[in-house]
Amino acid sequence: MHTEFLMGNAAIAMGAVAAGLNLISGYPGTPSTEVLETTAKKNTGNIYVEWSVNEKAALELAAGAAYSGARTMVTMKQVGLNVASDPLMSLAYVGVKGGMVIMVADDPGPISSQTEQDTRHFAAFSKLPCFDPSSVQEAYDMIGDAFEYSEKYHTPVLFRPTTRVCHGYASINVKDIEEYLVNTPEGFIKDSSKWVIFPRLSYNNHIKIEQRNEELSDVFSQYDKNIIIPATDNSCKKGIATHGISYSYVMEALSGQNAPRIMKVATPFPFPEKLAVEFLSGLDEVLCIEELDPVIEKELTYICGKYGLSVKIRGKLTHDVKPAGENSCKSVSENLSAFSGLVPTKSVERATPPQLPVRPPVLCAGCPHRASFFAVKEAMKGKKTAFCGDIGCYTLGNAMPLDMVDTCLCMGAGVNITQGIGKIEPDTTCFAFVGDSTFFASAITGVVNAVYNQADMTLIVLDNSTTAMTGHQPHPGTGRTMMGEIVEKVDIEAVLHGIGVKTVETVNPLELSKAVDCVKRVSSEKGVKAIIFRSPCAVLIKPSTPVIVDENKCVQCKKCINSLGCPGIVLEEGKVCIEQSLCTGCGLCKQVCPTKAIMGGERDE
Amino acid sequence: MNKNILLCGVGGQGIVLTSKLIAAASMAKNIPVMSAETIGMAQKGGSVFSFLKTGENLYCPMFSEGTADLIIGFEPAEAVRMLPYLKADGTVIVNSHPIMPVTAALNGGTYNGGEMIDYLKANVKNIFVLDGDEVCRKIGSPKVLNMVMLGAAIKSGCLPFTLDEIKETVQKTVNPKFYELNCKALDEAEKLF
Ligand code: SF4
Ligand code: SF4
Chain A
2 MHTEFLMGNA AIAMGAVAAG LNLISGYPGT PSTEVLETTA KKNTGNIYVE
52 WSVNEKAALE LAAGAAYSGA RTMVTMKQVG LNVASDPLMS LAYVGVKGGM
102 VIMVADDPGP ISSQTEQDTR HFAAFSKLPC FDPSSVQEAY DMIGDAFEYS
152 EKYHTPVLFR PTTRVCHGYA SINVKDIEEY LVNTPEGFIK DSSKWVIFPR
202 LSYNNHIKIE QRNEELSDVF SQYDKNIIIP ATDNSCKKGI ATHGISYSYV
252 MEALSGQNAP RIMKVATPFP FPEKLAVEFL SGLDEVLCIE ELDPVIEKEL
302 TYICGKYGLS VKIRGKLTHD VKPAGENSCK SVSENLSAFS GLVPTKSVER
352 ATPPQLPVRP PVLCAGCPHR ASFFAVKEAM KGKKTAFCGD IGCYTLGNAM
402 PLDMVDTCLC MGAGVNITQG IGKIEPDTTC FAFVGDSTFF ASAITGVVNA
452 VYNQADMTLI VLDNSTTAMT GHQPHPGTGR TMMGEIVEKV DIEAVLHGIG
502 VKTVETVNPL ELSKAVDCVK RVSSEKGVKA IIFRSPCAVL IKPSTPVIVD
552 ENKCVQCKKC INSLGCPGIV LEEGKVCIEQ SLCTGCGLCK QVCPTKAIMG
602 GERDE
Chain B
2 MNKNILLCGV GGQGIVLTSK LIAAASMAKN IPVMSAETIG MAQKGGSVFS
52 FLKTGENLYC PMFSEGTADL IIGFEPAEAV RMLPYLKADG TVIVNSHPIM
102 PVTAALNGGT YNGGEMIDYL KANVKNIFVL DGDEVCRKIG SPKVLNMVML
152 GAAIKSGCLP FTLDEIKETV QKTVNPKFYE LNCKALDEAE KLF
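Protein chains in written order, with this note's numbering: chain A, 2 to 606; chain B, 2 to 194.
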């Protein structure tokens with residue numbers, strides 16, 4: 002044992018490595034990404050690591066390895082599980098041989114997601130055991146337990162941390178390399194009565210699964226991470242039921258104060274029913290402090306009914322706890338003071354501050370997506386258009402002044418949404434914007450659909466040769482894998498041609514007039530056609546020398562600012578100038594300035 | 002003794018690295034530490050913060066408003082934004098050099114940081130204002146702002162370690178190429194007040 006300062010996601014990775022992990026796969030998504038990345042960094046040499054093309058592929062790969070006796074982990078964010086839900090639901094019936102942990106990070110807030118969905122429901126829905134860690138240390142310890150239970154019960158298990166656990170750092174106790182478990186996979190043993198899902202097998206296994214989950218409910222009532230903490234004052238008739246990071250907020254708020262009885266639920270499914278009955282007995286009232294959905298609250302309400310306990314269960318359903326968004330130290334201490342008279346920390350009275358500047362996230366200075374959006378905007382001036390966006394950095398193209406994202410739903414959706422708009426309003430010029438990673442993950446089938454069903458649309462692939470939003474992971478188009486191999490790139494042009502898209506043009510968006518001409522020409526054709534805007538992510542390349550504004554030529558028309566919104570162009574005492582520390586010298590603003598007042602950048606030399 | 006520390010500023014200012022150094026220096030003295038910071042979409046030009054707690058019996062890295070011992074503000078408006086977290090008798094160390102948001106340029110905004118500093122001075126007793134930009138220029142690198150802020154924070158006495166101890170941590174964890182430069186920045190900051 003030694004101490005290390007680790008991010009929650011790194012702790013999960015290290016815990017899995019220490020538990021004898023053989024294979025890890027996943028698809029990047031905040032807040033889950035660092036689990037796989039840390040595993041790749043800490044690879045003892047015996048672990049196969051892969052960024053799969055999407056979550057469904059990742060889960061199936063991990064399942065195959067687990068059929069072969071490997072200990073496997075698959076990582077994704079909560080919306081990724083929607084993509085992987087097809088194999089998940091069936092795999093629950095088939096089961097595994099080696100331990101398999103499905104790490105799904107939930108994102109209360111949401112801070113960087115489309116939804117506030119609660120993976121604990123997916124656990125109940127798929128009937129798979131679920132672990133919900135409350136701190137970085139617990140996440141480290143619990144991942145080993147998750148593998149043990151998975152292997153013992155021959156079932157994949159869900160491991161569901163939330164953003165604050167994933168991205169929190171703590172100095173924690175971790176195992177030395179000598180203490181790591183080593184798992185040697187037995188290999189895949191053919192047995193079609195086991196690995197081939199048929200209605201008969203599903204029926205038989207369904208019965209077994211229900212029995213197993215009843216057993217697990219009892220087992221989990223003894224699990225050392227499902228706990229009851231007695232009240233400071235024995236006569237107190239109130240209780241708090243909580244989980245995850247909210248448990249930490251509760252403990253933090255109550256430290257040094259009179260605390261009611263507390264129950265921490267580390268396994269929301271199968272719910273530790275016996276432990277809950279013990280917790281509820283003798284209480285009058287319980288407040289459930291949860292994030293996302295009222296899962297514990299509903300379970301406790303059900304248990305009260307089942308056992309005839311007259312305990313009032315309160316929480317989100319009774320409007321005592323807010324229904325959406327993440328909890329905080331502040332919100333929890335307010336909940337506690339309303340419920341049990343806890344004295345909250347007083348905020349300090351200060352004068353009202355001056356108006357603060359807002360800082361919404363924006364595309365980086367020099368980002369090629371800015372040029373791509375601007376080129377399409379210029380080319381389509383005055384036309385009736387639909388710009389369907391997608392998930393990635395380029396969602397930020399919706400901000401003023403670009404304002405180039407009319408819809409955004411989920412990975413790959415824009416390609417099909419734009420077809421739908423076109424079918425109803427044929428006089429609209431329909432575009433779908435998709436990043437390179439998203440293209441491979443889930444847009445290809447959409448293009449097949451468009452070609453087959455005679456859609457009239459222009460696909461714009463924003464190819465910056467990386468998965469930038471989540472921190473630059475490789476993908477099939479980059480020619481690199483997580484095992485460090487250099488491989489043949491999957492060629493986007495060739496894929497599109499292969500599907501039957503006849504016109505596919507590739508252009509550098511930073512050559513503005515060429516890009517605008519290309520958009521005009523290609524979008525005027527009938528049918529499905531594609532433009533690939535290819536220019537590397539600004540963060541990944543060495544910047545050129547920054548540009549400067551010639552004060553004598555600049556007429557202060559502000560066209561550069563008002564059309565591009567590049568953070569590199571700023572106003573200093575009312576005058577346009579370039580923030581030298583930010584400008585990458587991409588040269589886009591030079592091409593927009595009507596008086597050629599912007600100079601420099603490497604292209605001049 | 003337990004300390005609640007809040008670092009804040011704008012994406013790209015080196016806040017996350019500073020927070021890591023404070024954590025590493027604390028751990029070197031066997032002081033338990035936890036931290037939490039902004040990650041993801043908001044990092045792109047947005048407000049960035051890092052909560053840091055050192056001491057015993059820690060449950061979570063975040064803390065309530067009105068409980069921070071120290072705020073290290075890398076940017077004036079960001080320090081004001083996070084001020085509700087400061088204890089009544091807490092300390093603020095702030096860089097007076099403002100960073101313009103893109104939206105300010107778009108709206109022809111006039112934000113220049115001055116009124117933020119005035120507000121901080123009027124509302125915080127223990128405040129140290131420094132022009133991080135100028136100090137960096139003096140040292141000869143715009144990349145050492147985080148060391149300047151860290152040095153100033155050590156000087157304030159709110160961190161559980163000394164200048165020499167942080168230098169040791171820097172030597173162990175940061176690229177040795179920049180060791181001399183970083184030490185210079187730390188020393189320079191110490192001399193400021
Ligand atoms: S050249 Fe112009 S558009 Fe490109 S990064 Fe610099 S300021 Fe921004
Ligand atoms: S577009 Fe050219 S002339 Fe107009 S404000 Fe910008 S730099 Fe000056």
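Some hints could be false.
In silico negatives: residues of chain B with every beta carbon more than 12 Å from chain A [stated by the list, open to error]: (1) Met2; (2) Val17; (3) Asn31; (4) Val49; (5) Ser51; (6) Cys61; (7) Glu66; (8) Glu76; (9) Gly114; (10) Val130; (11) Leu131; (12) Glu169; (13) Val175; (14) Cys184; (15) Glu191; (16) Lys192.
Cut-off 27 Å, straight-line C-alpha distance, at most; resulting in silico cross-link-like pairs (DSSO-like, lysine-lysine) [unchecked claim]: (17) Lys126/B / Lys43/A; (18) Lys144/B / Lys178/B; (19) Lys543/A / Lys21/B; (20) Lys4/B / Lys331/A; (21) Lys543/A / Lys30/B; (22) Lys527/A / Lys543/A; (23) Lys503/A / Lys378/A; (24) Lys209/A / Lys378/A; (25) Lys139/B / Lys21/B; (26) Lys176/A / Lys30/B; (27) Lys128/A / Lys98/A; (28) Lys331/A / Lys168/B; (29) Lys88/B / Lys347/A.
Note that these hints are calculated values from the structure, not bench results. Cβ coordinates follow ideal geometry from the N, Cα and C atoms, glycine included.
Structure-based check of each hint:
In this structure Met2/B is separated from chain A by more than 12 Å, as the shortest Cβ-Cβ distance comes to about 15 Å. Separation of Val17/B from chain A is inadequate, the least Cβ-Cβ distance of about 10 Å not exceeding the 12 Å criterion. For Asn31/B, the shortest C-beta to C-beta distance to chain A comes to about 8 Å, within the 12 Å cut-off, and the non-interface label is violated. A beta-carbon of chain A comes within 12 Å of the beta-carbon of Val49/B; the shortest separation is about 9 Å.
The beta carbon of Ser51/B is not kept farther than 12 Å from every beta carbon of chain A, the shortest such distance being approximately 9 Å. The claim that Cys61/B lies off the interface is violated: its Cβ sits roughly 4 Å from the closest Cβ of chain A, which falls inside the 12 Å cut-off. Non-interface status of Glu66/B relative to chain A is broken: a Cβ of that chain comes within 12 Å, the nearest being about 5 Å off. For Glu76/B, the condition that its CB be more than 12 Å from all CB atoms of chain A is violated, with the nearest at approximately 10 Å.
Here Gly114/B does not stay apart from chain A, with its beta-carbon only about 9 Å from theirs, under the 12 Å limit. The beta carbon of Val130/B is kept farther than 12 Å from every beta carbon of chain A, the shortest such distance being approximately 16 Å. At roughly 18 Å from the closest C-beta of chain A, the C-beta of Leu131/B stays outside 12 Å, upholding its exclusion from the interface. Even its closest Cβ contact with chain A, about 16 Å, leaves Glu169/B beyond 12 Å, as expected for a residue assigned away from the interface.
Every C-beta of chain A lies more than 12 Å from that of Val175/B, the closest at about 15 Å, which supports listing it as non-interface. With 12 Å as the threshold on Cβ separation, the claim that Cys184/B sits away from chain A holds: the shortest Cβ distance comes to roughly 22 Å. With a least beta-carbon separation of about 25 Å from chain A, Glu191/B lies farther than 12 Å from that chain, consistent with its non-interface assignment. Listed as outside the interface, Lys192/B is consistent with that label: its C-beta sits roughly 25 Å from the nearest C-beta of chain A, beyond the 12 Å cut-off.
The hinted pair formed by Lys126/B and Lys43/A fails the criterion: a straight-line CA distance of about 47 Å is larger than 27 Å. Taken as a hint, the Lys144/B and Lys178/B pair is honoured in the structure, with Cα atoms around 13 Å apart against an allowance of 27 Å. As the CA atoms of Lys543/A and Lys21/B are separated by approximately 26 Å, the hinted pair is consistent with the 27 Å bound. For the given pair, Lys4/B sits about 18 Å from Lys331/A by alpha-carbon distance, which is consistent with the 27 Å threshold.
Restraint check: the Cα-Cα separation between Lys543/A and Lys30/B comes to about 39 Å, which exceeds 27 Å; the hinted pair is violated. Proximity of Lys527/A to Lys543/A is assessed by CA-CA distance (about 40 Å); at most 27 Å being required, the pair is judged violated. Of the supplied pair hints, the one linking Lys503/A and Lys378/A holds, its CA atoms being roughly 24 Å apart against a limit of 27 Å. With a C-alpha separation of about 59 Å, the suggested pairing of Lys209/A with Lys378/A is violated against the 27 Å cut-off.
Between Lys139/B and Lys21/B the alpha-carbon distance is near 25 Å, which keeps this suggested pair within the 27 Å criterion. Between Lys176/A and Lys30/B the CA atoms are separated by roughly 20 Å; this keeps the pair inside 27 Å, and the hint holds. For the hint linking Lys128/A to Lys98/A, the alpha-carbon distance of about 17 Å falls within 27 Å, and the restraint holds. Taking the CA atoms of Lys331/A and Lys168/B, the gap is near 36 Å; set against the 27 Å cutoff, the hint is violated.
A distance of roughly 9 Å separates the Cα atoms of Lys88/B and Lys347/A; the hinted pair therefore holds under the 27 Å criterion.
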